[in-house]
Structures are given as C-alpha cells and as structure tokens.
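So the sequences go chain by chain: A and B. Just add 3 to wherever you are in the first sequence, counting from 1, and you've got my numbering. Just add 594 to wherever you are in the second sequence, counting from 1, and you've got my numbering.
Please keep in mind that the hints were generated in silico from the structure rather than gathered at the bench. Every value quoted in this text rests on a predicted model; they were computed, and no experiment measured them. Just so you know, not all the hints are guaranteed correct.
Claimed, not checked - Derived lysine to aspartate or glutamate pairs resembling EDC-like cross-links, with alpha carbons at most 16 Å apart:
#1 B:Lys914 with A:Asp217
#2 B:Lys905 with B:Glu949
#3 B:Lys812 with B:Glu798
#4 A:Lys257 with B:Glu755
#5 A:Lys30 with B:Glu755
#6 B:Lys889 with A:Glu176
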Amino acid sequence: MSKQECWQILGIAPTPEGRDVKRAYAKLIKTTRPEDDPEAFQRLRNAFEDALWAADELRRAPPPPEAIDATRAGREVEIEAMLRPHVERLAELNEQGTRDEAMAALEAMLDQFALRDPATRDPLVWQLFEDGMLWVCCDISANHDDFLRVAVEMFGWTQPGHWLGERDPKTVEWLRLRLREAEALEAVDQVLDLAEQGDEREASAMLRRLVDDDLLVNVDVRHLFEAELMVGMSEFEPVPMHLSESAFALFGWKRDHRHLEEYHPDAWREYQMRLARLGANW
Amino acid sequence: MIIGIDLGTTNSLVAVWRDGQPVMIPNALGHMLTPSVVGLDDNGEVLVGLAARERLITHPQLTTSVFKRYMGSDRQTHLGSQSFRPEELSALVLKSLKADAERFLGEPVTEAVITVPAYFSDAQRKATKIAGQLAGLTVERLVNEPTAAALAYGLHQSEPESRFLVFDLGGGTFDISILELFDGVMEVRASAGDNFLGGEDFTELLIDGFVEEVGKHKGLGDKQASPALYQALRKQAEQAKRALTGSDGAAMEVQYQGETLRWDITDADFQKRVEPLLKRLREPIERALRDARLKAIDLDQIVLAGGATRKSVVRKLVAKLFGRMPAMNLNPDEVVARGAAVMAGLKARDVALNEIVMTDVCPYTLGVEVSEQVSPGRFQPGFFLPIIERNSVVPVSREQTVNTVVDNQTALHVNIFQGESRLVKDNIFLGEITIPVPPRPAGQVSVTIRFTYDVNGLLEAEMTVDETGQKHRLVIEENPGVLTQVQIEEKLAALAKLKIHPRELLPNATLLARADRLYQQMLGEERQWVAQEAARFQALLEGQDEAVIEPARAELKAFLDQIEGESWL
C-alpha cells in the first residue's frame, strides 16, 4: 500500500490527529464488518494501521502555546507573572541541573515569597505556586526524585480527599506511580553498587529478595526497574555475569526482553554483545 | 433466536439478547449457574448440574467434572460402563442449557454463540464447536471469553474513547485482554493467557494442604486412591475457599475411618500457599501490555471476569499489579455469558447494536516448521517460521514462501504449529500435510504457504507450488483431539440413545442427591434425621401429586439448609 492509499481508503485528507483517523475508520467499519467481508475488512484494517502510523509521523510539530485566559482577574495575572520565571527555573533545573541545585532553588522560592507558614502566607500566591509546581512535577520531561517527593508531601497531592484527586484522579495515580518508581530506581542503584563493589552474590541475593517484594508488584514499576537494571549492567566492564544470570532467570528475559530493547536499544545491544563475549548461554 | 453460552470449567451459563439488553436464563432450579458436572443416576439417566455435583461425593464412579480441561484431547471418561469424550460431556451440559433456554423463550433453539478461553488452541476450538453440534446447536460464532466480558462491559461505557484490561480468571483458565473502545468500535489490542490456571487450582492446593497437614499421618495418602473421599475433600475445599474470601480463616473437615479429620487454615497461610499460583498471573499480563505497547497507567479501567476473581487474594493482587482498584459494577460470574448474549445480538443484527462493531485478535503465533542451514549444504529441521504473528486483527490472511532443501525431492512435508518458541518442539503441533513437488535441484522449487485465520479462531492453510500453480488445502485429520465427520455422526447416534433425566424432575433429584451426600458426611443423630426426611420425601414423590410434593420439597430444602447452611453455587 502506498503512502497515499491509506488516506484514500479511509476517505480523509492526511492528518496528524489519531482521533480523526479512528473516527473515519469507525464510520467505515460499520459497513465493512470483519465477519461479512474478510477481504474488504483486511484492506480497511491495513489502511487504518498505516494511517495511524502516518499520523504519528506528522505529529512532530510542537504543541501551540497555552492561550491566555482573558477572564482572569488582574491580581492573579500579576502574581503569575511574578512567579513564572522562578517556576520555569525550577523546571529547567529539574531537566538539566543537579538535584541539589533544584532543591536549593525551591527552598529559595519558599523564602522569597514567604510561603513556609500556612498562617501568614498569601493564599492566592500559594495557590498559583501550587499550579506551577504541579506543572513542574507532571508536565516536563524529567524530575529529580527528591524534588518530586518534597512537592508531593508539601501539597499533599496523593492524600485521600485532596482536591487534585477529585478533579484529576489520573494525575494522582501517575504521581503515586512516579514515587514508587523513584523507590525502585534507588533499589536498582543499591543492587548495582553491590555488584560494583565486587559482591555479585550479595547483589544477586538482593535481587531475589526484591523480585518478591511489594515494591515490584506493580507492572509499570517492575518494567522500569528491569530496564534500568539492564542499562546499569550494560555499562559494567566486564559485564557482571552472576548478576546477569540471576536477572535473566528471575525476570524471564530470555522469554521476553522487548521492554528492555525498547527502553534503551543501544544499551541492550551493548549488553548483549558483552554477554556474548563472555560466552553467556542461558 | 441465537443464545449466548458461557461453557465454563466449573459452571456454565446461558443468556439471550432481548429488548436491547442481555438477559440471563435460569435453569430448572431457578439458578443462573449450572455446575459443569455430568453424571448418570441410578437408572442410567443423565444428570447435569447441581444434582450431578451433589453426587460427585456419593457416586464418584458415575459422575465427572472439570472436563473442559481435556477439550481438544481424546481422553475417555468412564461413567459406569459407558465412556465419553470431553466434547460429549460438554454436549450434555450444552443440551441442558439449551433445554433451559427453550423453556424460558417458549420456542426451539438451534443456534448459539459459545465462549472459549482466548488461549484455546485450534483443536480445543474445534472440539467446542463439535460439542455444540452434538447438542443440536449450530455454533454461529466462537467468542473469546475476555472479549465477551469486554462486550458486556463496553456496552455501558459512555466515554468516547477508553482503554481497559479484562482480567478473566475462571474455573480452569486465565485470560488477559486489552481493549480499546472508540466511536462504537470495540477493538481487542492484545490477548494472552494460561490454559491451565484457574479457581480449580486454588481448590486443589487446599486439598493438597489438607492431605499434607492432617491426612498424611492418618494414612490418607494418594488422593486418587479414594474418589469419594477426594470429592468430599473437594467440597470442603470449595467451601473453605469461599469462606477465605474476606474472613480470618476457615476449616476443612471430613470423616475418615470413623474419625473426624479437621484442618484450620488462616488467611495468612492460604495467602502463602497460593503464592506460586499468583505469580503465574504476571507473565500473561506483561506480555499483553507489551504486545499492545501500553503501560498499566495508560489503562482507564480494570474489568474482572470469572468467579475466581471474587477471591480477596486475587483482588488485592490485581490492585497492586495495576496500582488501582478494579471495576466492581458487573457480576464476574455472569459477565462472560452476558457478553455472549451481546455477541448473539450482534450476530442477529439487532438494531440496538447497529453502531457497535467488535474486532478481535489471534492471540498466538501460527507458523510452519522449516529447516535452516547450519553449515554449508547442511540443513537442520525443527525451526519455527511464523506466518501469522500473534495479536494480528482477525480475520487475517498472510503468506510466506519456502524452498526445497534437497536435490530432486518429490514431496514437501509441511508441519503446522502454534506458539512463540523459536524451535517447533516447544510449540503446539496443529497438523500436517504432504504435497507433491516437481523434482528440481535444491532451492529451486518454491511453495507459497498462506494461512487464513477466521473470526471464530479457526485456521485454514493453503499451499501453492509456484511453478505449477497447483494448490493444496490442509484438512487437519492427524489430530486425535478432533473428531472426524464420521465419528461425529457415530457420537450423535450414541448420544441420542442416552436417556436424559426429565428437566421438571431435576429439583427433586437435586434435593435427594444433596440429602444422600449429607447423610454420608454426617454422623450420629443428624444423620438419622437426614435419612428419615429423605425417605419421607421419596415416598411422597411416588404419589406424583405436585400439590403435595411442592410444599414437601420446600420443607426438605429448609431442613437441609438448616443442617449445613444455605447451599452455595
């Protein structure tokens, strides 16, 4: 099927919107049901899958900037303008700076705007600060784990009954997951530290304990744990054989390692190469 | 009218699409769940359902259960002097459900949608279809169980777009499906499962625990040695399993050589024992998520199906695995049958469902065995060449070309497999075909193999010799797990000879079977009461006066309930 053909079959112009592709497909499938005309359905289905792919390709442009809400009160706009550069600085330090820099900037902000004492701080400033922090914690590409922990604690976002949970339960779920992931990453570091100190057997034993631990029950947390562990091990020279063997056995990597490959293709290739060089064959 | 049937390992249900919604159909006892248990009574008449289940303990040689696990095999089950294949036993359950539906609808029923575990193989699906045929039902469609559950669930979704996961832990099988719903399209993104993991395994664990903890030093060894004792233990284990759902503990008790053996299990102990089973739930979940390229956090909802999801250990684990509480708004026992009814409505083109289309996937990879060159000129057989990759949307048709590897070979032997392993020895063999090819130097004859997998999950293979254009179709006959047309005719004739216990008399038979079972389980005074009451009721039955029998039946039921607590399903 050529690149244009899928759009013709779906009867729409090329679009970056997956939603539009789905809508067009949904309309056509009602008259091309899979059980009625298998061949026509397969043509439609292939066009749908190709178009979703093509839409993905088209969707590279950056999102438009947020529209300014004209209805907001003057004082609100004023405070926001005052906080904005500081919040943006926090975002930058989370994405590119060190943990300590980000934490220091946060502390400085709390002092500068007198936000520490609930009794004396300006409620509107606090509210807009919270909005900004939520953006820093949820919408940018990277966060320092400690920064996130402090923020979640400070605003009580994951507490039962918090306004965030009522308005946006998905975000709260995401934050909870993020905190658990942070814990899992610490565990990865501990395992790798043990291996680095030359105590591979102890590292393997720790891995065995972790596999059954509550921390790694959640499928997403475990996914990240496995992926980071693999990346860590790929950087060792020589590769930790004993620990690798344990990881392969405990997580079933021989059976399925797609998540590792997808998470970091280069690291996975490097890791495989190093294992092969040492003659691993489990 | 097409009916929807959930043919389960432990219980079966039937439902119908009526007035724009699924409606559950009760059996002769007024229950929605019919135990998937078949037996012969003392007159050689077939008993199905609760009556048969009660007789598992008192008449283990004449009664059988859990036969769904053997579908697709040629295993014989002996009931008295007769023997049955798994599809015949299933057909008897289907017949009973068909009779219930006919009674409920007031018209003959000849067509059905039947659900199967998503991970059922080709042979298992064919066996299910044949079971329908043996029961006098044309199987209009086989639907994967989690897909059916999703249909029932998705019908009530008002969100324009959502993604959800169906966690289906039934009596004998475990299935995971990930679905996406948009604009009336219900799309299965991925399915994965384990055909040998279900509620029955939890029961077996408790039985093993009993034998290990209290039975062993009393000389109670092999559980197969005494079928009656095993069935009594089974019943106790079933009850304990239910009691362990949200309480602190339970007890199992059986009579053995004049002694009462008792084992107290705490919730914590149970949790520890089932750990290995719970661990097996993870792999299919991870695989389905990876196949669908989704993270758990991307899912909008977790839907539970299957009676085993009532267990608190299972619910707690699900909550932890996905970091959220599962949806609770549908009865997990009924959700698959309701979905089967929705499918029946779709099949019948009900106007209320005009705007709904469902697409499913083939949950496993299908391919052929090929030889690979291991050194120059040396080929080694045993490698798997995938033709249809798992989780392709069905219907799907794909082809691959293979070449000869030996000079002047005159025939090409094609073995077909299902599975995910690189080596065919680790995959499931489906069938084989040998086709003639023109003699040419190695590698010069090419054959195109086309696989077509239909909406019912049945596979067709077509081989084309490219040079001659000659086509061959595979008719899988080598598989002993699938009956041939001739055998089906024979089985139909054999089943027609069987006498089925009259449906309207089932409530009485069930009650008497229960009384017999209680008699066997009780001791002393209570035992005598049971005997007296049962004998009195039996005498009344002979008068055949329903006006007298009906109040007596209610009385006996109340009496038995008082002795052992309300009968559970």
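> Out of the numbered hints, which ones does the structure contradict?
Replying inline: 2, 3 and 4
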